[in-house]
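Hints given; two lone chains; assemble the complex.
Read top to bottom, the protein sequences are chains A and B.
In terms of our numbering, the first sequence opens at residue 1 and continues consecutively.
In terms of our numbering, the second sequence opens at residue 1001 and continues consecutively.
In short, the hints are calculated from the structure, not lab data.
These figures come from a predicted structure and were not determined experimentally.
From the three backbone atoms N, C-alpha and C, an ideal C-beta is built for every residue, glycine too.
Hints may be right or wrong, so weigh each one.
[To be verified] Distance windows between CB atoms, simulated:
no., chain 1, residue 1, chain 2, residue 2, range
1, A, 571, B, 1047, 46 to 54 Å
2, B, 1062, A, 473, 54 to 62 Å
3, A, 555, B, 1047, 33 to 41 Å
[Unchecked claim] Some, not all, of what chain B presents toward chain A, calculated at C-beta under 10 Å:
no., residue
4, 1030
5, 1033
6, 1037
7, 1092
8, 1093
9, 1097
10, 1102
11, 1115
[As the list claims (entries may be wrong)] Okay, the calculated bits of chain A under chain B, using three or more residues with CB under 8 Å as the criterion:
no., stretch
12, 254 to 267
13, 429 to 442
14, 635 to 642
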Amino acid sequence: MMTDVGHTALLLALVFSVYTALVGPLAGSRRRDDLLASARHSAVATFALASLATAMLIVLLLSRDYQVRYVYQHVNASLQPIYALAALWAGQEGSLLLWLWLVALLGGVMAWRAQRAAWSRDLEPYALAVMGLMTGFLALLLAFVSRPFDLLPARALDGVGLNPLLENPGMIYHPPVLFLGYAAYTVPFAYAIAALMAKRLDADWVRGVRRWALLAWGALGLGILLGAQWAYVELGWGGYWAWDPVENASLIPWLTGTALLHSLMIQERRGLFKVWNQSLIAGTFAFCLFATFITRSGMVQSVHAFGGSPIGYYFLALIALVLLGTLGLAVARRSLLQSHVEMEDALSREGAFLLTNLLFTGLAVAVLLGTVFPALTGLLMGAPLALGQAFFDRVSEPLALALIFLLGVCPLLGWRHAGNLRSGLIAPAGAVVIGVGALVLGLNMHQPLALVAFGLIAWAGGTIAQEFVRGAAARRQVTGEAFWKAPLNLVIRNRRRYGGYLVHLAILLIALGVTGAGLYKVERQVTLRRGEGANVGPYQVRFEGLVSEIAQDKERHIATVGVYVGNTRIGTLRPEYNYYVNVRQFASEVAIRSTLREDLYVAVAAIAQDGSSVTFRVLINPLMAWLWIGGAVLLAGTVVAIWPAAPGRLGAEAAVAAPRRTAA
Amino acid sequence: MMPLSDAALRGRRRVSYRVIVVAVVALVAFVYLIISGIRAAAVYSVTIAELQTMGPAAAGKGARVTGLLEGESISWDAGTGRLSFRIREGERSLPVIYQGTQPEMFRDGAEVIVEGRLGADGTFQATTLELKCPSKYESGAPAQGALPRKLC
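With the rest of the complex left out, here is chain B (with noise of 0.2 Å):
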């Protein structure tokens, strides 16, 4: 092989590990973020009743339970601005206290995505609430992105 050529080929290779290097030095930055956001942030989804079976061990713990709205435990004071109400699954039902104002479309029957934690006397403290379209919404589903976010 010809020396020019030789030196060509070392000249590219040096610089192509300024690249490697930029690369390996992101991918390892990526990562680190992947896995600190994925500690910061996971929460186990529950069932009802897992929850309440684990008792006083999964008071304190965070978790996110769904569950159906029961209409007549909605209670809301204006003054505290605190929203009670409980969810059913199946047999079993929770109460839920949650700071706030109800969301639209909150009214028995409908699917609630709460996430917070099992306070000591059984009551789950929410720190999100969300809903689902109620069932009847169901067969007319809607199009991805046709429906308005945070609700449907």
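Next comes chain A alone, as it looks inside the complex (with noise of 0.2 Å):
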């Protein structure tokens, strides 16, 4: 029964996706009232019966209904509630139940708020048929292709269950935020398509669709963080990346993303790179879909599992459809793309968003083709050859320094000329010697790359502070303010500027991090016998103990670790190493000591037959913990940077915009 309501939903969800999509351009073209309203209710309904579905597949799931073969395949008793909730997006179907979902969410967002001013008016009868579009294809998809509520002949008496390596709180968040940020990449594409189709290319859109960006960059951001901090709590194998196939999939339009938000501040400022956000946005929706194909097809040899399903083919299309479409559709409307203006000086903000654009576009460019390189080899060559980690490495640091340094100059330039760039550059510069410095004599770090790394971040760093502080002590002076008053009030009153440089700070610490932990990780493997030690970098670690228990589905093998410094115990860890009965396979349970300088990380490898020795992985990652806390400040600038301005403020957005037309 509630499979055919799930099934019957999906159906008529994908009828009112067709509507949308067709009485959309209509409502545009003819300018009826009458007919939007139809497209904005076709919207909602299309998310209330994606709702419904989704609703369906939760309650079979958690009722683990056997006789539902996505149920079968994904649950099974010995689960906890809260992981059979997750298996929603363990499997294919569900997860594209979920991205249906959330594109009908932001579709019915759309249609709900309605908005007065004028460029919406024009635009959202596209945008809603685009987002139509994509919530018929996911529909269809699952209707015909892709069934998550197929049944099987009989009802299975137990599920085969979830993989237990995915028994982990990153199993619950993980998946959700990165598909939001695949799905929220639609709005800014349908607003795109909409904006050539209505013929309104002026910075107005640009200014609408500049949130709905941020909102998707920021979650695909956030998801890749939370997958690789899920990597290095689970795995054991120390590490959090490691350029695989899907990590890049879903990097490379974070990275084009990345671009975008720059170039479109651009166009709002300035009236340039009107062809190359259209490029951009349509690039990006591309890669999110891309993501999903490179993961479908079986195309890329990657470590992750994939079925040779044909739901990839069907996403190829689709990406032939975005990319043709929009190229068609700018060509007809290649009049209207011209930019008025040009740039000026090259030593200018502008010219410094144009290198920081190259640089992350190269980037995402590198990516791909190391991704791909191995299919486009076999298939020019005969011969397939993959590129190591060496490649991604290799190509990915130069560019990223250059970026660090970027981040530190734009600041200082103003737009159209470089402004007063001597005044700016000498605390910066003094960031930059105490920041060697202290790292030179107080951590002992001196390799040369690590001292450019470390030098550039402080140097980013120094501008920033630089700004933060010059932009308080103005705001003191004219308001009065308390010290502590004016600072929280510069960021709340200017959200969209500060809330960019919190964003930029946390790349930076996140920078920290990955300089730190991939220049002086130690690693070391050691057999240990009971109250054995052994020493790793400034520790020691000792044996102490082993304990085995038998646990509901897995038999639990917990080690006990002494952690000393010199004769100073400083803390016990516990990891385990888990033998899972049903699947007969082994996880372990990794154990850290994190503090802000480095994290001490024991993961078991082995344990001896007879239990008399265990083999431990040690490592220390140092600066570590900086790459998740530049998580949490990620969030919170990207929140900060989001969030609507008060009432009062519109006004005075409008006049910083104005000049741009007198420039223009």
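Here's what the structure looks like:
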């Protein structure tokens, strides 16, 4: 019964999606308000139906109805309810359903908050239609190709269950956040197509789309970081990123999305880069789809498991439609896409933004090339050439360093011209000296690459700090606010600008962690008998005991490891090595002692048959905690930048935007 | 055309050149970076049969090989930290030595990807060892990103 309801809801969602996609353009071209209202209702109905289908699958998962194939494959009796819920996105059908629900939600939001601004009235019908096309595509797949509500011939007694490696909090929050990112990139794409269709290619829609682009970007970035953190705490190899094709596939749209955030600002302020922005929006959306294609088609060999599912080719067809459609529309509207101004000076903020764009796009192209390289060479040369991690490290390091340098330069440059550069250089230069000095003397790090990386991070951090200090000082002078209140109000009153600086600060913190753990990682593998110890860096780890117990679905083996510095005991770590009886496999639970300075990471790699000795993988990852702190700041900064301005501020924002018109 | 606008045009062009020069330099550096990266990190992806047919010629060359793990062949020496096993593809079987412990889910029938060199004695010296998930989970192939990195 419930499967019928779910399946029917999907079919109806398909019908309403198609209706929205057809009526929207009609409402737009004929300027018919009644049709627009109808398209809005249809978008909301699509959301309601997608919600119904999703709710049905959730109920089936939680009630463990093993006659449903999807439930049988992803849930079993010993699974905790929260992971039975998370099984919604553990398989292909479920994750497509989640994607549908998210796109339908965003389409519903678009229709719900019907805006009064003229640009929005012109664009909305077409944007709703594009959202309808996307929900229609997903509903089509779910109804006919990758069906979550299919039944087995008979009810099974128990399900296969979730891979034990997935039973980690990471499974609960990483996939939905990532999918929110993929889904949210549909909205900027929808508005971009709408702007082309409605011939409204002025700066207004760019301002409107900015917040959506930020939401998608923030969710995607956060999703990637959450995945990295999950890998770090769950998988026991001590790293968080391996340049695996599936990881790369999610990084590529984030990189082009970052470029987009910057070039959108240029179009808003100066009317430049119109064609470039259209390409970036279409490209970023296409890369989100490509991420699914790559993981579904079996085209790229990866350590992640893929069935050679046919849905990869549906995604390929959609990618072709997205790119060719954008190209066709852009050619048709080419006269409107011309910029009426030109860049005046390379040494200006827009010049630096252009370079930023090139670097991010270059990085995306490099990662894409490395990811599809085996398939490409296999096709062209007959013998597939694989690229190891060394390729990615080698290419991304200089590009990332150049980006950090630019991040430090941008706030110093004025729009159109460099401005008064010299006075702004003193404080950041001082930060470099102090930062690098502290590093060499305090942490004893002096590899050339580390000095360059930390120097650049300190430099960029210095310019951001300077921006805050100058802004706060100016504010105090005007308002006479207390010294602690001025910087706070500075951020609250200028959310776009200082939210952006917070995000930049987050990127620097992440860079700090990546550099520290990348260049100064210490890794040892030691086999210890009970009571024995081994020195790793400044620490001594002692194997003190092993306890085994039978839990519901697994045999747990918990090792007790004492951690000493000199003769002082500073802590106890309890890494586990668990055998999952149902699936007959081992999975380890890592133990980490994390400080701001470094992580001590201990995982059990093997236990001797008689239990007399245990092999540990011990790592020291310097500055690792800053990566996750950076993630939190990233979230905070993105929220600040997205948060709508107070009503009174709208006028002021318009005033800031006004000079653009006179410049053009 | 009025002289003023002519001058403005010339002035604008001059600066555009600077932007173009920066872009071209960036592009050249980028292409160099890609090519040098490929040179440093490319390895041939070969089957066990191809690797063994090459015989002595293959010895010492970098390669990436995929095969199914033979469960009984796994042996790990805690003293030296050396892992040895065999992987199979069809009729062919390849002995592999890897310095390190077995990854999780390392068991009979697992699909193994190794990167390294074929030694003169016909043993493959692996520098990296990765696993694809057993086919059992492929029916429920997870979403991108839904499975932890480095494993499934």
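Against the structure, the hints come out as follows:
1. 571/A to 1047/B: 46 to 54 Å: holds, 49 Å
2. 1062/B to 473/A: 54 to 62 Å: At 58 Å between Cβs, range holds.
3. 555/A to 1047/B: 33 to 41 Å: This hint holds: roughly 38 Å between Cβ atoms.
4. 1030: holds, 5 Å
5. 1033: holds, 5 Å
6. 1037: holds, 4 Å
7. 1092: Constraint on residue 1092/B not satisfied, violated at 18 Å.
8. 1093: violated, 21 Å
9. 1097: violated, 16 Å
10. 1102: holds, 7 Å
11. 1115: holds, 7 Å
12. 254 to 267: Our answer is that it is violated, as 0 residues pass the Cβ test (under 8 Å) against chain B, missing three.
13. 429 to 442: violated (count 0)
14. 635 to 642: violated (count 0)
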